[in-house]
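Whole structure, please, built from the sequences with the hints as guidance.
Protein chains: 2
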Amino acid sequence: MNEDVDPSKSQGALPRVGMLGIWGATLAGTVALFFLIDACGARLQAPLAASPPPDKTSISGKPDALFHVLVALIAVLVTGQLLARLFRYIGQPPVIGEVVGGILLGPSFLGRVWPEAAAFILPPSVGPYLGVLAQLGVILYMFLIGLELNPAELRERLRSLLAITHSATVVPFLMGAALALYLYPRFSSNDVSFTSFALFVGVSLSITAFPVLARILTDRGIQKTGLGVMALGCAAMGDAIGWCLLAFVVGVAQAKVSGAFVVLGLTAAYLGFMFLVVRPIVARLLARADEMRWTQGIAASAFAALLLSSLATEAIGIHALFGAFLLGTVIPHHSPLASTMTQKLEDLVVVLLLPAFFALTGMRTQIGLVSGTEEWLVCGLIVVVASAGKIGGTLLGARWASAFGWRDRLKLGILMNTRGLMELIVLNIGLELRLISPTLFAMMVFMSLATTSATAPLLQWLEPKSAKIA
Amino acid sequence: MNEDVDPSKSQGALPRVGMLGIWGATLAGTVALFFLIDACGARLQAPLAASPPPDKTSISGKPDALFHVLVALIAVLVTGQLLARLFRYIGQPPVIGEVVGGILLGPSFLGRVWPEAAAFILPPSVGPYLGVLAQLGVILYMFLIGLELNPAELRERLRSLLAITHSATVVPFLMGAALALYLYPRFSSNDVSFTSFALFVGVSLSITAFPVLARILTDRGIQKTGLGVMALGCAAMGDAIGWCLLAFVVGVAQAKVSGAFVVLGLTAAYLGFMFLVVRPIVARLLARADEMRWTQGIAASAFAALLLSSLATEAIGIHALFGAFLLGTVIPHHSPLASTMTQKLEDLVVVLLLPAFFALTGMRTQIGLVSGTEEWLVCGLIVVVASAGKIGGTLLGARWASAFGWRDRLKLGILMNTRGLMELIVLNIGLELRLISPTLFAMMVFMSLATTSATAPLLQWLEPKSAKIA
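Those protein sequences? They're chains V and S, same order as listed. Take 395 as the starting number for the first sequence in my numbering and just add one per residue. Take 395 as the starting number for the second sequence in my numbering and just add one per residue.
Keep in mind the hints are simulated off the structure, nothing from the lab. Honestly, I wouldn't trust all of these hints.
The list treats identical chains as interchangeable, and a pair is accepted whether it falls inside one copy or across any two copies.
[Stated by the list, open to error] With a Cα cut of at most 20 Å, we get these calculated SDA-like pairs of lysine to any residue:
#, residue 1, residue 2
1, Lys-738, Leu-543
2, Lys-738, Leu-538
3, Lys-738, Ile-692
4, Lys-738, Gln-690
5, Lys-738, Ala-693
6, Lys-738, Ala-698
Set out below in structure tokens:
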């Protein structure tokens, strides 16, 4: 046998050459035929364009929108992730990093040091698109927060929870309203009534960020301790109360005094409907279909319900996110539906859509508007009043209604002083309704960042020496 | 002992009354204090509003956008799901139902029989927002399609696949280009060159819908048979070729003749970069991190890569969805990353975002523009040419390069004639680039629906009697 000739190889090589030849011929033939057709077509006359140049620019404007949305999302995602990592590294909750990232990309930093880059990354024209994405993101996020709420766990410690939550909400609310006496002549506008303004400042000081708090507790590994469970419960209940209050404020601001009660009535009716009608139906459906396979039909029904509930609250005159949150609380926390929805939505919402919200917040935050010693003193005053109200209120309630010692009471107060993302959502609503000026908005964003980032160091400082080593 | 008094009950009741009292007192006190503050504030004067009435309307316009986006999404989702179920019931792929739903909500049906409802559900102002959502949806969807592609499976049957795919692409492409000779003077406009028009018609006739085909095969339980695997392979490869062709067409249409080669060069460079640089890096990263826990950092990196790749192709001048598709094909099909991403994204994309795309298509489809016997005959001609080209091309290739009998060859041709969603994506790009007129767009949408819905009945009809009973 001749070893030089490997029959399998030559067999493999020849057809390959043959195939390449056929392929080349096909390609060449196709191109030739196409050019023939093209030559025939060159003499054809098409009808006149309906409306040539002006429409052409409007259409080229559309892919531009996508282009800028993509640029903005990338910039926000990457900056947010980098800063989140940095903040986690220095012992801060990552969400602060993401918020700071949004602010850095906005007019406060990038818009100043490199205006051209800021105009490329976040041009004003991209605002509305980013806005809709951000709002959808927040709606989905609030739905997830609602799913995370476990009313059964809250019921066990109802008495302490009620007492602490109430005092931790009422005290900062009243202190905020009192602070409004000072802020109103300086940072509001005459088309906003003092009542709406005071209500809004009160509510925005009494917000606690349930999810950030949950994250801080998990990071420190104390989410299962008595203190951790109590803090989570208080934050969850405080959230619910805060949102109800905010819904009322929005109603008052949107509809003036008489209309506010209509809004309030409709809200109460909707709440009743959700808890007395929808909740039992959902529970029965889920109980019957416990072994149910997850299908796209179920996903579609869940999304439809989510959108409908959001639309209902938006139509009532409070914000769409209340409806999403409510639907989340109505779905049993331990159902497979809740865990599947969380698992499917969480990453997309947290990683892709919430950054759009942070970017929007950053675009609106103009730290530069806070200028001069006096305004920074006001800013400091807001931080002090917010913290004093929240920590003081918690201490008061915890002293009366819990068995915690002073150190744990103080820790609870510091935890409750976490505001994070929730505060930003509230502030954005206030800015959209023009309840607060851009300057006050910037101060409040600063307050939110300051109180949230103070939590971890203060907790560390309160920890007894022995625990630090362990 | 006195049985009337149940100590545990009275113990429970008294504190409850006491708590209610305390709660009432707290609430009343808070309200009273707030009214006191409010009374003090009533005399305060706020600064003048910066720009009162005009801005106010523009801000009230923003929540409106969210409201209308929610209404549109709900309408589209619910209609789509209902029609999908109906179509599945009559043995058609559900996606046709969703597309028909989108068309029914648009000017073709609802806009005629109930213009007020159409203006409420899909007002023109909601178009841009729906557009960005739809485009993000299609980008994510194309990414998922790319993930589903398994190059290893294709390699095994490379020879038959190449032959069948090429003839099933070339024949309808050339027939489409020839058809363009007839269509150009009637349904194009004089600011589009014949070359771009002919290329586009050719490409749009040679598209096969990989995902719809996969669905039909699964529904009939033949996805693992020789015919099924071959059909899937051809569709996948055909898709890839079709998209490359379309990228070329878009390049030609966007940049005229000279620029088209720049676009082509950049596209080739990007393809090379993705397959020669990115693909090995991704493979190495995934191999090293095989046991890797899924974290939000990974999700963030994946999303960032997806957005970057989309942005790159958009910047090159072809469509963002090519970049998404490419990234999908570069990630190994069997990696945990691919399956996790699919699992996390699929429902949201298919259930919530793609319907926005169907609605957008429906808003743009004006079946009413196709009027008179002659235009409907043209429409029929397009359907006939598209089917003849696709089925004929497949028969030709399969006769030469496969061992299938005539029945299986015909079945393969009928399967390849499925166009579905992919065709709509192509048509929307053509309409945006003004390559085709709204009338031709409507005809092509009709063609897409007709060829896709013909697949299942024709297959049924070809099935031998015995198989029908089994």
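**Prompt:** Quick check: which numbered hints come out false for this structure?
**Reply:** When the structure is compared with the hints, none of them turns out to be violated.
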